[in-house]
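Residue numbers (my numbering), protein chains in the order written: chain A, 660 to 1552; chain B, 164 to 272.
Because the hints were derived from the structure by calculation, they are not lab data.
Among the hints, erroneous ones may be present.
[What the hints assert, rightly or not] Label pairs and their computed distance ranges (CB to CB):
{"#": "1", "chain 1": "A", "residue 1": "Glu715", "chain 2": "B", "residue 2": "Ser242", "range": "21 to 29 Å"}
{"#": "2", "chain 1": "A", "residue 1": "Lys743", "chain 2": "B", "residue 2": "Ala263", "range": "48 to 56 Å"}
{"#": "3", "chain 1": "B", "residue 1": "Ser262", "chain 2": "A", "residue 2": "Ser1059", "range": "45 to 53 Å"}
If you're wondering where the values come from, they're calculated on a predicted model, not measured in any experiment.
Note that CB positions come from ideal geometry on N, CA and C, so glycine has one too.
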Amino acid sequence: MRLLSKFSHRVRSLFGKKAVDNELNDELKFHLERETQEKIAAGMNPQDARRATMLEFGGLESTREECKDMRRINLISDLVRDTKFGARMLRKNPGFTAIALLTLALGIGANAAIFTLVRGVLLRPLVNRDESRLIYIHQIVNGNGDPNSIFSVPEAQDIRATSKTLTQVGEFSTIGFTMVGLGEPRVIRSGVVDGSYFEVMGLHPVLGRLLDEQDDGPKAEGAIVLTYRFWSGVLNRDPSVIGKTVRLISNGPRSATVVGVLEPSVPYPAETEIIANVVCSPHHLSATMVTSRTHRMTQLFGRLAPGATLAQASAELNGVYSTMAKDHPEAYPKDANIRVEAKLLRDQITSGARTVLLVLLAASGLIFIIACSNVANLILARTVRREGELGIRAALGATSGALRRTLLAENLLLCGAGAVLGILIARPMVAILARYAARYSVRALDLKVDSTMLWVSAGFALLAAILLAFVPRLPVTNASQATTHATGSPRISGGTNRRLRVFAMIQIAASFVLLAGASMLVKTLVSLQSARTAFDTHRVLTFSMPVISNGRPNDQVFTFYRETLRRIREVPGVDCVAMGAIIPWREAGTFSPGTEFTVDGYVPGSGEGSPRAQFRAVSPGFFASLGVPIVAGRDFNDLDRLTSEPVAIISQSVAQRMFPNQDAIGRRISWVGSMMKSFLPPSMRIVGVTADIDDEHIIPGASLTIYHPFEQVGMGGRLFVHTSADPYALVAPITRVVRGMSTDQPLERPTTLADVRAEVLTPDRLNAFVFSGFALVALAIAVVGVAGVLAFSVSARTREFGIRLAIGAQPRHLLAAVIREGAIMAGAGIIVGVGCGFALARLAGTYFQGAQMPGISVVIVSALLLLAAAVIASALPAIRAARVDVIQALRAE
Amino acid sequence: MSKPTDLVQGTLDLLILKTIMLEPAHGWAIAHRIRQISKEVLQVNQGALYPALHRLEQQGWITAEWGESENNRKAKFYSLTKDGRKYMQREQANWERLSAAIGLVVKTS
């Protein structure tokens, strides 16, 4: 009963506000009249009676307020009133409002975006079933410095057979196919898995089924599963693909049926278009793959048995490994120092991105600090101007809490609006940052912007508002002081001034750190972009045209390609055309970091191993197509065929290294090692020497390369076309020629070498772009901050400047004084920034390798930039100080 | 007339509730009656009375109604609710216990 009446009472107080107020007035008025009446009845005259009553009653207004307070609705109505008032104040100062809003929006938006990214990539669980028991196994080979070595099939079998801590083990390797039958013939990457892979990974099909035990082994039918990205992107979610037959061409053609489509999931360990069973790839069934312990192509995933831990699994795997090493000493060199480790798959996937994301998090944290301190400055400056008004309010009886509430309401409004703006900024920011982070972890591609961002933004906004509400110092609630402040001129106390300066210095320090980081990245980018290459990048068009044999005998295949090249040469506009082995830079690393070779009569120096060179196969005219000169001997020609003498062309660095001051032509050169010898001639005669072509690194260095004629080794697959006209105009005619020769031949990715280079540099470009963006934002905010502080301090010292001018100071002295003040603030901030940056870099060095200290030039440039910005920021207030009208200044009080 | 004594909030509540226990009264009448019954010792300040009345109303111990006063003007009359009556009895018991204890201490020292 009581609750009900309480509730209705409160509702009435809230909604019938006006009526309730009137009632209260009536009630108190009645009391006054009644008391007056009483006094008159006691003998006073009416006037005295009324006056006495009023005096007795005391503070009518405060009584009224207290009654209303008792009704406990004041909190809400006060907040509403404060908010309306706050909105009006903000509207009256559009400059302040705009800057503060923008600053907050950037700070909150950046943080919300980065938080979403971090959460989506690092914290979100994988879509795989029961992913906390899904592990990834790898070898750490300390001997040759390879931290992520994988397994061979016999090793995988041993592990599977003996492991008790793992209930199941799945295998995954990658191979390239040319796939014909789903649209255009195309070159694709495919995963090749065993029957237990999908079971181990715990994934589900979106259509059809996934590969399982029945697809395992050499006797099964060919079957493939399409990945979701491929199916929804390239095939437009066509449901009729299930059951279609395709031809997969690698070492020989195989046919396979499409049995299903995989659900969207992280493409680990490699992004592939399809996943096939073992029987689709002749290489996987070959003796090398199945029996060789050292042919390591397979990645292993496992499921922890119930009750087993990661540590137990790792220990057991190491045990299996020692047994293997004992039983097969020929495959495991003694000094390799191999360790096997099991890791949670989720950790494996995100480890690449962790660094980047943490750096981003730090950067955005800095921006948030800068933004908040900037707004704090602005608010502090404004509050001091309002000291008079706040003083009057305090004198009228507003408690300290009430004043803070006023400020809080205003700040909430500001921060709320800033948060809304920030969310609008955050959405596109997330998209950009996700694409950027996707290079480090494929999980970023999968990111969804969800309501977490809203909560995070709201949280940040609230945090900012509360922090900022406590920034200004409230006036003393003392009547006498309040009246002296009421004139409205701001009185700068030492405390306020100090706070302002501290904030400005924090901003400058943080901006400096960001600037230094960004400059470093920009410097790297510039050095990459401006690196000159040996060859003519704008006039060379490249295609990917893999060599497929289709079961034909070798000489038919070579005739086909020779004829295709001849026909392409006849297309108008083509200067020369040739086949090469890889697209420079884009496909760098396709062949291992170098294979050992030797020449006849070469004796390695003591302590040296055999030198290493890159293997390449090219057709005649390759060097001319790239615009690279042949410095000695000849190019390959049509006479260098499979049946003729094996020949080779070497790069200049090889010649200088192996035949210093001698003629290389006619000498014999050969590769070392069984793998190369299995498909290459045992030794070749050197017929030519060419200038170095470094197609592995953007910044070219000396490169040792040995070229074979494409027809003698049967490898190639990249087309290079040199033209003096617009390269892209040749794409259509060349495609027509190739289609005319064969409908099955894939011809893909026409790109000029210049565009390939830009493509490869995109990540670095993006790096520099993102961080420069951050740094510029920080700089802008810091500049505004410094300007604000100085402007404020100048306007407060108007009287002082007036006096100094009156007693004979030159205006330019005042100008200099203000600018000096600004420079000192900036200088102090920079010193703090250098110290912080140093500490941060040291910290980063302990966590990630490869973190370099920025060079001195970077530090100096950033410092100068900030100093210049600070000086410019001081200029406007300084000019205002110098132009102070003496009389006005003296009078203004 | 002796100086009006400061009254603690809870005590004021008790006085108000006791005053309107027998019949409803408006604010002035409550203050007047308290002064009368206490023989001019307890003079309730209006600045304390009305906030207390509104608080009690808000808490549901008393309820208000507009009616006609003795001089034919509109006034707000307060009366005790059932819960208010129970609350008053509780507070009265507390007060008697408290004042007895204070009396003991004061008498002995």
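Which numbered hints are broken by the structure, listed smallest first?
3
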